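Trainee: Note that the UniProt record's numbering gives residue 172 to position 172 of the sequence shown, counting from 1, and the numbers run on in steps of one.
Think of the hints as simulated: they come from the structure by calculation, not from any bench. Since the structure is predicted, the reported quantities are computational estimates derived from the model, not experimental observations. Be a bit skeptical, because a hint or two may be false.
[Claimed, not checked] If you anchor each label on the Cβ, the simulated ranges turn out as follows:
| no. | residue 1 | residue 2 | range |
| --- | --- | --- | --- |
| 1 | Gln25 | Gly82 | 16 to 22 Å |
| 2 | Thr53 | Trp146 | 15 to 21 Å |
| 3 | Arg74 | Pro50 | 31 to 37 Å |
| 4 | Trp146 | Ala70 | 29 to 35 Å |
| 5 | Ala129 | Ala77 | 22 to 28 Å |
| 6 | Asp152 | Gln22 | 32 to 38 Å |
| 7 | Ala77 | Thr138 | 22 to 28 Å |
Backbone N, C-alpha and C define an ideal beta-carbon position, used for all residues, glycine too.
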Amino acid sequence: MIDPYFFGYGSLVNRKTHAYPQAVQAHVRGWRRMWKGTVLREVAFLTAEPDSTGEISGLIAAVPGADWAALDVREAAYARHGVGEIRHGHSHGTELDIQIYAVEPELVDTRAHPILLSYLDTVVQGYLAEFGEAGARTFFETTGGWHHPIRDDRADPVYPRATVLTAEERKFVDTHLAQVGA
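Use the sequences and the hints to build the structure in full.
Mentor: Encoded structure:
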């Protein structure tokens, strides 16, 4: 039997937001990460979209109980897609069915939707912990959609799985937001 795994490239990179088993670092080719507005919410989603030259770093983790239902609820605005080319350090090697979540094109809304700073903070904290400053810088450099406005909700987080950042982590986020022109 091939084990079901998912590839996380946003808040799922931050292990403080979940307790998914067997999570390991991974790199997916053929996809890029984007901020997108949708008809489903007033805030922007972090999503993946096909890109033949793209590569995203993140985590793969086992789907709890090999049942996609609970994970699909957490990722309700996304659809699952099979991952083709991936590098990871999991001991099962190639015996994994790895899926990536992406917003469906028919749900995309081209109007500006704000990016929640509490969500971005949580994502970047995960990248800092997993991939260090270089990996977190790469997150900013390779993510598109920075034209969306930033909603500063740090004092009263709207994002339900918001994490608390250190002063150094906040400075890192703020510096790199300025560098991408957000």
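Trainee: Identify every previously stated hint that the structure contradicts and give their numbers, smallest first.
Mentor: Of the numbered hints given earlier, the structure breaks just one, which is hint 3.
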